[in-house]
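Student: Residue strings, one per chain:
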Amino acid sequence: MTPAATVPAPAAVRDAASPAPVRRNRFSAFVHRAKDAGQLVVQPRMGFSRIPVMREGLLAVRGANAASVGTVTLDSYTRVNDHDSAREALRTGADLNGFPLVAHGPQATTGMLDGVTGPEFPLQVRHGSALPYPLFEAMVEAGIDATEGGPVSYCLPYSRAPLTEAVDAWSRCCDLLAAQDDQMHLESFGGCMLGQLCPPSLLVALSVLESLFFAEHGLTSISLSYAQQTHAGQDLEALAALRRLAGERLPGIDWHVVLYTYMGVYPRTPVGSFRILEESARLAVRSGTERLIVKTPAEAFRIPTVAENVDALEFAAAVADDEARFGKPELPTSTGLYEEARMLVESTLELGDTVGSALVRAFARGHLDVPFCLHRDNANKSRAYVDPRGLLRWAKPGAMPLPPQDLAGRRPLSAQGLLDMLGYNERRFDREQLTRVPSWSLT
Amino acid sequence: MQEITRPAKRFIVSSVSSDAHMWNLVFLQLLLEENGGEVTNLGACVPDQVIIDECREVRPDVLVLSTVNGHGHLDGLRLIRKIRSEPDLQDLRVVIGGKLGVRGAENVEFIEKLAEGGFDGVFESEGALSSFDEFLRGIGPTRRLGPAARPALEMQEAVA
Chain A
1 MTPAATVPAP
11 AAVRDAASPA
21 PVRRNRFSAF
31 VHRAKDAGQL
41 VVQPRMGFSR
51 IPVMREGLLA
61 VRGANAASVG
71 TVTLDSYTRV
81 NDHDSAREAL
91 RTGADLNGFP
101 LVAHGPQATT
111 GMLDGVTGPE
121 FPLQVRHGSA
131 LPYPLFEAMV
141 EAGIDATEGG
151 PVSYCLPYSR
161 APLTEAVDAW
171 SRCCDLLAAQ
181 DDQMHLESFG
191 GCMLGQLCPP
201 SLLVALSVLE
211 SLFFAEHGLT
221 SISLSYAQQT
231 HAGQDLEALA
241 ALRRLAGERL
251 PGIDWHVVLY
261 TYMGVYPRTP
271 VGSFRILEES
281 ARLAVRSGTE
291 RLIVKTPAEA
301 FRIPTVAENV
311 DALEFAAAVA
321 DDEARFGKPE
331 LPTSTGLYEE
341 ARMLVESTLE
351 LGDTVGSALV
361 RAFARGHLDV
371 PFCLHRDNAN
381 KSRAYVDPRG
391 LLRWAKPGAM
401 PLPPQDLAGR
411 RPLSAQGLLD
421 MLGYNERRFD
431 REQLTRVPSW
441 SLT
Chain B
1 MQEITRPAKR
11 FIVSSVSSDA
21 HMWNLVFLQL
31 LLEENGGEVT
41 NLGACVPDQV
51 IIDECREVRP
61 DVLVLSTVNG
71 HGHLDGLRLI
81 RKIRSEPDLQ
91 DLRVVIGGKL
101 GVRGAENVEF
111 IEKLAEGGFD
121 GVFESEGALS
131 SFDEFLRGIG
141 PTRRLGPAAR
151 PALEMQEAVA
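Read top to bottom, the protein sequences are chains A and B.
Under the numbering used here, the first residue of the first sequence carries the number 1, and numbering increases by one thereafter.
Under the numbering used here, the first residue of the second sequence carries the number 1, and numbering increases by one thereafter.
Read the hints as simulated data drawn from the structure, not as lab findings.
Take the hints with a grain of salt, since some may be wrong.
Per label pair, the in silico range of CB-to-CB distance [to be verified]:
{"hint": "1", "chain 1": "B", "residue 1": "36", "chain 2": "A", "residue 2": "165", "range": "33 to 41 angstroms"}
{"hint": "2", "chain 1": "B", "residue 1": "106", "chain 2": "A", "residue 2": "180", "range": "29 to 37 angstroms"}
{"hint": "3", "chain 1": "B", "residue 1": "82", "chain 2": "A", "residue 2": "419", "range": "28 to 36 angstroms"}
{"hint": "4", "chain 1": "A", "residue 1": "137", "chain 2": "B", "residue 2": "57", "range": "17 to 25 angstroms"}
{"hint": "5", "chain 1": "B", "residue 1": "90", "chain 2": "A", "residue 2": "87", "range": "24 to 32 angstroms"}
A virtual CB, placed ideally from N, CA and C, is assigned to each residue, including glycine.
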């Protein structure tokens with residue numbers, strides 16, 4: 001039996017005729033319909049500079065045998081509001097690493113999406129911009145269903161903008177979205193933070209804090225993110241903590257959780273990269289996660305092709321279906337992650353009258369501190385490490401209010417030590433291919 | 001008269017204007033510090049003018065640019081032309097490395113262009129680190145390598 005035959009027909013999810021019980025953003029409505037049908041929504045990261053190529057890519061994702069939603073990933077010039085350089089690249093035909101939405105303009109973007117997107121195939125724009133107001137204006141005008149980011153998650157790791165400026169910019173962006181009749185769905189990128197070596201409690205706390213920031217500005221359709229890390233059981237504990245905190249903190253908000261397949265140094269063998277993708281799809285199903293953003297085997301080397309993206313989506317959907325039908329229960333670790341994340345959220349909120357001002361103060365005093373992050377508004381005193389069991393843990397808490405850590409025997413980090421930690425998952429999933437050691441434990 | 005050299009000591013590590021990646025910068029700082037270097041790390045997405053201002057302020061032995069987002073061939077070329085057009089920075093040693101384009105193995109075609117633009121070393125992806133290490137060991141603190149002496153570039157081409 002082919003994997004395709006085991007996947008329920010996407011048509012069940014694509015059927016937009018059955019009305020949703022509450023009026024929902026059509027991106028969110030699609031995600032909830034899929035969940036009700038027992039399907040994991042899968043989504044690529046995909047962006048091309050030219051309109052015909054981008055459109056073909058979206059059509060291919062729509063045609064995938066999976067409950068897929070479309071993604072338009074923007075280019076790096078648009079991310080930093082250098083729209084002139086993006087226009088210049090379009091003029092000269094130079095390669096960009098994504099779709100320059102502002103340079104193309106809302107009209108051209110709407111035209112590109114005409115006949116492609118709809119309630120049965122909603123679209124998210126992924127951008128990475130710390131100061132995205134011009135982009136948000138263009139997205140609103142183009143009628144985009146969903147986007148993502150956040151004042152912390154797109155400032156500290158990706159920008160030089162001061163955190164106060166990012167908070168102001170995201171406040172205006174959220175206000176703009178909240179004022180629309182059909183509100184855009186907004187996903188916090190707070191569960192990623194440099195992709196790796198940020199302990200899960202801080203990822204969960206930041207995802208919740210950014211969602212509270214969105215809600216404070218009147219947004220009603222939100223997703224909270226978490227990125228797969230180094231240990232399946234710890235990730236399961238983290239996702240449970242995230243859902244519990246979201247349930248407690250976001251009453252009346254239409255929310256779901258999105259998992260990112262590993263965002264760090266990616267396995268380099270095809271089998272290794274499919275195995276880490278497989279583990280993320282199983283993790284999504286086991287944790288009750290509604291949506292998964294996949295990676296492809298090309299990830300370690302270059303920007304993937306459309307066909308590679310579609311393969312990854314269909315593979316993830318088939319694995320998710322297998323897990324839903326035949327998966328065995330998997331135990332989360334029990335490391336007090338929920339308590340730690342809740343403490344970080346609550347103690348941060350006490351620092352300001354608004355979520356935005358609380359976040360600014362928390363980072364200014366190192367109360368929140370993303371390990372290794374070079375942004376000037378991040379204290380950069382905390383450090384993390386991968387322990388011998390594969391758990392991602394605090395090595396140095398900096399000024400964060402964390403329980404005392406067992407630091408015995410921790411040596412200063414060397415450049416090679418950093419590379420070893422960054423390559424932990426790469427080695428873990430490539431190992432069987434490169435050494436033929438059977439049944440290496442994943443936990 | 002015998003020339004006395006000491007290893008390059010003061011470094012600026014920086015991304016280019018459109019590149020948001022950070023781990024490459026964290027790693028390079030640790031590597032240079034382990035070898036006795038003093039590092040000013042400018043972080044991600046640094047505008048050209050900030051890099052130029054910092055070079056005037058810090059007066060580094062080497063400006064090390066690292067970029068992996070695929071725009072390096074565009075941002076790097078624009079930046080090095082600006083740097084070389086400043087009279088007081090014409091002799092500054094500047095190297096760039098990482099993933100310089102979006103085409104994987106074909107990125108090597110950008111190396112020559114960047115070197116012609118005025119970089120003293122261009123290190124593309126695979127094998128770049130050992131070439132960079134060679135480069136660091138081959139330079140003194142102040143004088144810029146002439147265009148005839150770009151071992152790193154030649155090594156890189158051999159690798160690719």
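Student: State, for the Cβ atoms of residue 36 of chain B and residue 165 of chain A, whether the hinted interval 33 to 41 angstroms holds or is violated.
Tutor: 37 angstroms Cβ-Cβ, so the 33 to 41 angstroms window holds.
Student: Quick check on a hinted range of 17 to 25 angstroms for residue 137 of chain A and residue 57 of chain B, using CB atoms only.
Tutor: violated, 37 angstroms
Student: Residue 106 of chain B and residue 180 of chain A, beta-carbon distance inside 29 to 37 angstroms?
Tutor: Check failed, 43 angstroms falls outside 29 to 37 angstroms.
Student: At the C-beta level, are residue 82 of chain B and residue 419 of chain A separated by a distance inside 28 to 36 angstroms?
Tutor: holds, 32 angstroms
Student: The hint says 24 to 32 angstroms between residue 90 of chain B and residue 87 of chain A; measuring C-beta to C-beta, is that right?
Tutor: Given range 24 to 32 angstroms: holds, Cβ gap about 31 angstroms.
In this structure, the hints that do not hold are numbers 2 and 4, in rising order.
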